[in-house]
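Chain by chain, the residues:
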Amino acid sequence: MSHKKKTYYGNGLPYVDVSDLTGKLIVIEGTDGVGRSTQLEELKKWLEVKGYGVTTTGWTRSPLMGKAINEAKSGHTLNFDTFSLLYAADFADRLEHEVIPALRAGFVVLADRYIHTAFARSSVRGGDRQWIRKVFGFAIEPDAVFYMRINIEDLIPRVINSQTLHKRYWEEQSGEGMDYWESGMDMRLGGDFYDSFIEYQKLILKEFDRMKNEFNFQVIDAAKSFEDTNRALKQGILAVLEDEESEEKSRRH
Amino acid sequence: MARLFDQPRPYPGILIIVEGIDGSGKSTQLQLLQKWLLNSKYRVFFTEWNSSALVNETIKRGKKKNLLTPTTFSILHATDFADRLAHLIIPPLKAGMIVCADRYVYTAFARDVIRGVHPEWVRNLYGFAVKPDIQFYFRVPIEVSLKRILNGRVELKFHEAGMDLGLSDDPRESFRLFQSKILQEYDKISAEYGLTVMDATDSIQKQQSLIRDIVRERLKDYKPTPFLQKKENVYVA
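Chains A and B supply the protein sequences, listed in that same order.
Residue numbering for the first sequence follows the working numbering, starting at 46 and increasing by one per position.
Residue numbering for the second sequence follows the working numbering, starting at 14 and increasing by one per position.
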């Protein structure tokens, strides 16, 4: 499919040549609860109907690290850097065992969050911006990053509603929904879960906005209905895929 | 709170580290130094470059299932070190103690680069580490270290010989190849970070006396006054 050569974001993996990867890496970024995963499922179906091979990848589900991260979260006190590094190990594991092989096989990889989530989480906790960027220097540059942007006012009803409240309270160990860490409870920004969530998300959203230009985000208004947001994402993805196809055609002629 | 390794942190304590290949005698020298410091009534804390429970299970599982890559191997050890730094190294330094570390981040710089990661990347990875106040590198020829290790036992351990790197099927030959690569990296590192190079073929007493001279000099302006106020956040509750 693609002829635009893949490159590394930073120092890269000296033992893996990525110049021959032919797939497409499409990233959907956005804060917790913005609706990324639901959109991603729909996009996967849509692309498969169009005839593309599609793989999805997310956060903290790698075979190597998934268990370790859950254990660490529930275990003893963790340091900010320790936490960032646990995420980095998980990311590296998925990159090397899922993302790179899929791209090599010519798949479209839809990433539910990418390095930017790690950068946002680390920065709001006071981590050094340059340090965390270099740590993730082994990441592959995506073909496109769609940032699902939402205001805090519109985010609240998405995250705090009858369904999620139940899920969070009764199935906290499920790893689904908002958990203690992802709502920034560790930062003690507020007296209760609600206050803490609001303050934390404000910081995260600000951090994502800061990254817009740095990473060339294509901003998608996620406050709109599911259908409208989905349409905007499809348009953006189509542009990335067609761009390559027309290039390919013109090369053939 | 990631900071760059080259930025000094004004802890009242002192961090002394030793580096060198297996059989260089660094642990013996550090133990002798500790005896002397304790005898001089200093408060001393000793720590080793070992993995803790946090990632030990993961590393074991990864090795068994052959899931570890040079990069995940490297990050997991850095994660583990970050945890030990926060729990075992920074608190005694803030309390004004002398911390003696047998191996430090340079061990990772040497080993991980040989396994295939980018030298600049791994140096940044450990950017959160505390810069040591005194650092010794015990330089020894491969043959001497091999003789010392085999003194009292018959064979080399699997990892000691770097057998997992597939350099040679013969453990001794693998050891020579592996350790000489490590040695090359250490030489680069000690120049880059200004480690004090010790001739580890000298007698134990001669080396120890040189070490004590250097430490004594540094201790002249050492005031073991513990931090009493919060200076920075290290933990997440």
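None of these hints come from the bench; they were simulated from the model.
Predicted model only: the values in this text are computed from it and were never measured.
The reader is advised that the hints may include incorrect statements.
Pair ranges (Cβ atoms, derived) [claimed, not checked]: (1) A:G235 with B:P184: 38 to 44 Å; (2) B:E156 with A:P59: 26 to 32 Å; (3) B:K77 with A:K251: 42 to 48 Å; (4) B:K77 with A:P59: 21 to 27 Å; (5) B:P239 with A:D266: 51 to 57 Å.
Ideal placement from N, C-alpha and C gives every residue a C-beta, glycine not left out.
Each hint tested on the structure:
The given range of 38 to 44 Å is broken by A:G235 and B:P184, whose C-beta atoms sit roughly 59 Å from each other. The given range of 26 to 32 Å is respected by B:E156 and A:P59, whose C-beta atoms sit roughly 30 Å from each other. The hint said 42 to 48 Å for the Cβ distance between B:K77 and A:K251, and at roughly 43 Å that hint holds. Between B:K77 and A:P59 the beta carbons are some 26 Å apart, a value that agrees with the proposed interval 21 to 27 Å.
The beta-carbon spacing between B:P239 and A:D266, approximately 53 Å, falls within the hinted interval of 51 to 57 Å.
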